[in-house]
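Asks: Listed below are the residues making up each chain.
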Amino acid sequence: MAIAESGETTVTRRTAAAKKPIRLFRNLWSKIALTPMILTAVVVFMGGTIWTIVYSFTNSGLLPRLNWVGLDQYERLWSTAKWIVSIKNLAIYGVFSLTFTLVIGFVLAALLDRKIRFEDTFRTIFLYPFALSFIVTGLVWQWILNPEFGIQGIVRGWGWESFTFNPLNDPEIVMFGLLIAGLWQGTGLIMCIMLAGLRGIDEDIWKAARVDGIGVVKTYVQIIIPMMRPVFVTAVVLITSGIIKLYDLVVAQTAGGPGIASEVPAKYVMTTMFGGQNLGQGFAASTMMLLSVVIILIPWALLEFGGRKRG
Amino acid sequence: MARSVTTQRKAIYTIVAWGIGLLIFFPILWTILTSFKTEAVAIADPPVFLFFDWTLENYAVVQERSNYMRFLWNSVLLAGLSTLFGIIIAVPAAWSMAFVPSRRTKDILLWMLSTKMLPAVGVLYPIYLIFIKLGLLDSRAGLIIVLMLINLPIIVWMLYTYFREIPGEILEAARMDGASLRSEIIYVLTPMAIPGIASTLLLNFILAWNEAFWTLNLTAVNAAPLTAFIASYSSPEGLFFAKLSAASTMAIAPILILGWFSQKQLVRGLTFGAVK
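So the sequences go chain by chain: A and B.
Note that our numbering gives residue 5 to position 5 of the first sequence, counting from 1, and the numbers run on in steps of one.
Numbers given in our numbering equal positions in the second sequence, counted from 1, plus 1000.
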């Protein structure tokens, strides 16, 4: 791997030297090629986000107005019970979703890496949930977790009358009902990425570990997983961006209920802006979401990608 | 002896893996089966698995109540065109980053990807306002642009990963033989890039097909795709499971079929970035 990489660098360097006479021309083309992409990203994402931040300091109601009220919206936001619940819910969902997706995804990938029969078919089945919309996932699981017709009803039908599994109607554990659906949908993708990573690891490492008498589990934990660091980074990026987006699943599966027990920030923003006609408050809430993303992700991203660039 | 142990182990792994696979596939299977039941059978206690009178009644009702074909056509148009336009913008960008990398390439890429991390609600209202001003609300054109924009970072990233795998020597050789930039792109790069582009197309088609946040919030009737179609069946007044299942099956069938026939591209598309 390392040898291949250094070889590649020499080639690139040689290529760069070879095309020096037309370098300016080529760079010009590449700049032109990049422009549409950068332009759309700047205008839409940056422009839109900045607009939202600016208007979060106003008292916009039904329509956006530049009527400054300072930090009023934020003060009101943090004294709203529904917002606090939303933030807590997202934190719970996020922590569990990240942990379980990584663990289950890796274990399944390791299992599949044992070269089982009909691996391709199996892998496609695993990926199927990912190919469904969250709306479908939410509805299907709303039904599976329904106390009368779902798992609880079936198990009770078998004769275990006191069996209780009714997460969607229990405010205490409703987030776990969402979590099950989320894991069902997302784990296949992570498994596939992990499997690709496992396949990229040299057979010789396994042989060497076997010769040295290192157990399978120990080999995974101490040798294979550290080698798969880039794969884990990709997985974490994908899972995290999914967690922040958590909205359609909630809308389809619980609609934020029972009561406000499964509200999430994105849904809070939507209901405040369009249902409550309180734009300023919605903008403040989305700014808070943005801020938390920035606080969590930027230092980590710099550490991860910035470090590799230097190395 | 050792060999037989491995075979035995392999059989156990296979059985375990298939058990999990079945467990994962069960919700989808159950939905499809339920769509062929009458409402009464659908909520029968204990549940009936296979032996019931199969009926197409639910499909007829769903089709009558809402025009399935229009939603399907919207989904195809939105997902197809947004992916296509995304690829058209992304190919030159990914090409230039992969073959003429500058010092800022990594930064641009990281920055592009970071936009994917931003909460979508933060840009929803500005886009909503622009849509009202331009009369794009509930129009296919507007939604195609939005879907293209939100998937653009992923498209660029995927294409960049694939393009980087194409060896630079081949381009050099083509150039030595006197190939112009144009013929270099058409005859050398494109054929080698097609598998990567196909995977990117497929994955982003699925992502756009399933996108619900934007499609639910920016459409009403005219441009509403299948996600809106299913969402309209989740009315809290009465849960008609059999009809809901029929609607869901109709909405997911195109993707399940597409996924089955393009397993290789799908898996390749989904493992982008992980295989170096």
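Keep in mind that the hints were calculated from the coordinates and are not lab data.
Check before you lean on any hint, since a few could be wrong.
To be verified - DSS-like cross-link-like pairs, simulated, lysine-lysine; straight-line CA separation at most 27 Å:
1) B:K1264 - A:K88
2) B:K1116 - A:K245
3) B:K1264 - A:K115
4) B:K1106 - B:K1116
5) A:K31 - B:K1116
6) A:K82 - A:K245
7) A:K31 - B:K1106
8) A:K115 - B:K1133
9) A:K245 - B:K1106
10) A:K218 - A:K207
11) A:K207 - B:K1106
12) B:K1264 - A:K218
13) A:K245 - A:K115
14) B:K1133 - B:K1106
15) A:K88 - A:K245
16) A:K31 - A:K115
17) B:K1264 - B:K1010
18) B:K1010 - B:K1116
What the hints assert, rightly or not - Here are some chain B residues the structure puts well away from chain A; computed CB gaps all over 12 Å:
19) D1053
20) I1089
21) V1123
Note that the Cβ used here is the ideal one computed from N, Cα and C, for glycine as well.
Asks: It remains to establish, for every hint, whether it holds in the given structure.
Replies: Each hint, compared with the structure:
Using a Cα cut-off of 27 Å, the hinted pair K1264 of chain B and K88 of chain A is violated, with the two alpha carbons roughly 40 Å apart. Between the alpha carbons of K1116 of chain B and K245 of chain A the distance comes to roughly 10 Å, so the proposed pair stays at or under 27 Å and holds. Simply put, K1264 of chain B and K115 of chain A have alpha-carbon atoms about 17 Å apart, close enough for the 27 Å limit, and the pair holds. A threshold of 27 Å between alpha carbons decides the hint, and for K1106 of chain B with K1116 of chain B the separation of about 16 Å falls inside it, so the pair holds.
Between K31 of chain A and K1116 of chain B, the direct Cα distance comes to roughly 22 Å. Compliance with the 27 Å bound is thereby established for this hinted pair. Among the hinted pairs, K82 of chain A with K245 of chain A is consistent with the structure: their alpha-carbon atoms are about 18 Å apart, no more than 27 Å. Restraint check for K31 of chain A and K1106 of chain B: satisfied, since their Cα atoms lie roughly 14 Å apart, inside the 27 Å limit. Our distance criterion of 27 Å between C-alpha atoms is broken by K115 of chain A and K1133 of chain B, whose separation comes to about 57 Å.
The suggested pairing of K245 of chain A with K1106 of chain B holds, with an alpha-carbon distance near 25 Å, which does not exceed 27 Å. Proposed proximity of K218 of chain A and K207 of chain A is supported: the alpha carbons are some 14 Å apart, at most 27 Å. As the CA atoms of K207 of chain A and K1106 of chain B are separated by approximately 36 Å, the hinted pair breaks the 27 Å bound. For the hint pairing K1264 of chain B with K218 of chain A, the CA-to-CA distance comes to about 32 Å; that exceeds 27 Å, so the pair is violated.
A threshold of 27 Å between alpha carbons decides the hint, and for K245 of chain A with K115 of chain A the separation of about 35 Å lies outside it, so the pair is violated. With a C-alpha separation of about 36 Å, the suggested pairing of K1133 of chain B with K1106 of chain B is violated against the 27 Å cut-off. Between K88 of chain A and K245 of chain A, the direct Cα distance comes to roughly 15 Å. Compliance with the 27 Å bound is thereby established for this hinted pair. For the suggested pair K31 of chain A and K115 of chain A, the alpha carbons sit about 45 Å apart, so the restraint of at most 27 Å is broken.
Pair hint K1264 of chain B plus K1010 of chain B holds up; C-alpha atoms about 24 Å apart against a cutoff of 27 Å. Of the pairs offered as hints, the one joining K1010 of chain B and K1116 of chain B is violated, with about 41 Å between alpha carbons and a cut-off of 27 Å exceeded. At roughly 19 Å from the closest C-beta of chain A, the C-beta of D1053 of chain B stays outside 12 Å, upholding its exclusion from the interface. Its beta-carbon lying about 5 Å from the closest one in chain A, I1089 of chain B breaks the requirement of being farther than 12 Å from that chain.
With a least CB separation of 3 Å from chain A, V1123 of chain B falls inside the 12 Å interface cut-off, contrary to its annotation.
Going through the hint list in order, the structure does not satisfy hints 1, 8, 11, 12, 13, 14, 16, 18, 20 and 21.
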